[in-house]
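Using the sequences and the accompanying hints, generate a full structural model.
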Amino acid sequence: MYSALKNSFAVVLLGFLSACSSSENRLPIMGERDVITKEVDGKTVTDTAYYQIPPFQFVNQDSLPVSDKTFDGKIYVSDFFFISCPTICPKMKTQMKRVYDKFKGNPDVMILSYTIDPVHDTPPVLKEFATNLGVTGNQWQFATGKKEDIFKTGKSYMVVAQEDAGAPGGLLHSGHFVLVDKEKHVRGMYDGTTEEGADKLMGDIDRLLAEYKKQ
Amino acid sequence: MRKFSIGLVVVPLLLQTACQSQEELKQEKYFVEGYQLYTEHCANCHQTDGKGLEALYPPISGSDYLKNKEQIICLIRYGQNEPIVVNGRSFHRPMPANPQLTDIDVAEITTFLYNKWGGESVITDVKEVSKILDTCRVQRERAKVIN
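The listed protein sequences correspond, in order, to chains E and U. Under numbering that gives the first Met the number 0, think of the first position of the first sequence as 0, with each following residue one higher. Under numbering that gives the first Met the number 0, think of the first position of the second sequence as 0, with each following residue one higher.
Treat the hints as calculated values from the structure; they're not laboratory data. Idealized CB from N, CA, C, for every residue including glycine. Take these hints with a grain of salt, some might be off.
Only part of the chain U face toward chain E is listed, based on derived beta-carbon distances under 7 Å [claimed, not checked]: (1) 44; (2) 53; (3) 54; (4) 55; (5) 87; (6) 91; (7) 103.
Computed footprint of chain U on chain E; a stretch qualifies when at least three of its residues, placed anywhere within it, have a C-beta under 8 Å from a C-beta of chain U [stated by the list, open to error]: (8) 47-54; (9) 65-78.
Below is the structure:
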């Protein structure tokens, strides 16, 4: 009896431990979620629907379409910036370049930077900026389009992007990097203006890649 | 007797450090405050280590452009719009002006740059900087009138 108890205790403990470690390894899914109840084989089951980045359609630095489809089956990091922004954008691009250099050539990882100053940041201007930053190929997409659409897309990533006369350059945007998984769920938000923020992001990309490897 | 001899050694030592500190303190103040101003206003583009960012923002560490000290003092305050060549590489993005920086701020930043990356070990005094800033302000106003 005693030993049986001990065994079951050990099993429970083990189960507990593994539950703990697996939830520790998995990144959280951010944003609002809906609980859906549906009928399966006459039984009611509940399912959780997590928030997903809605579809979008813009133009990239090569004047080619870039949309949510471009990122199907990819993990990607997104941010909002504009080229002539003197303050936080250079910091963000410094950090994003570190992320790019680390995951360069990895077919599962992409980067998507939206400009919030589309009048100035046209595809050729973005192309030149990318080239000067040392970015080639299409792993890092720079998106431009209608301002209202970009601001709306900003909201869909849960970040701020808007006009503001008081902000440097007349545009206000957050310095966040947003990590999106292959199911278009938001899995993390990071301070894109600091080395620590980018370090945390790179660690989390590795964890997310490991999650998909296990499946 | 023993006490006396120690006093003899200690007192001149104290005097000496006190004398040095006047100059040293000023240099340290310029350097430290220059470093803080650099971190706040410049490092986002030129990076904390002064190495710049690819072909976007030129390096200051190891830059051959540092020989143009007067131009550099001016561009810290007034920005830079003309393309420039640094170590054989051409840069053509505008550097924003910093009208909010006072003369002493510019002197401190210049001291930091040249002590850290320009091989200098003296301060660039605010008097010198004010004169240079005045000259380039006048030049810029003239250029505006002509254009």
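| said: Hint by hint, where does the structure go against what was stated? Just the numbers, ascending. | reply: 5, 6, 7, 8 and 9
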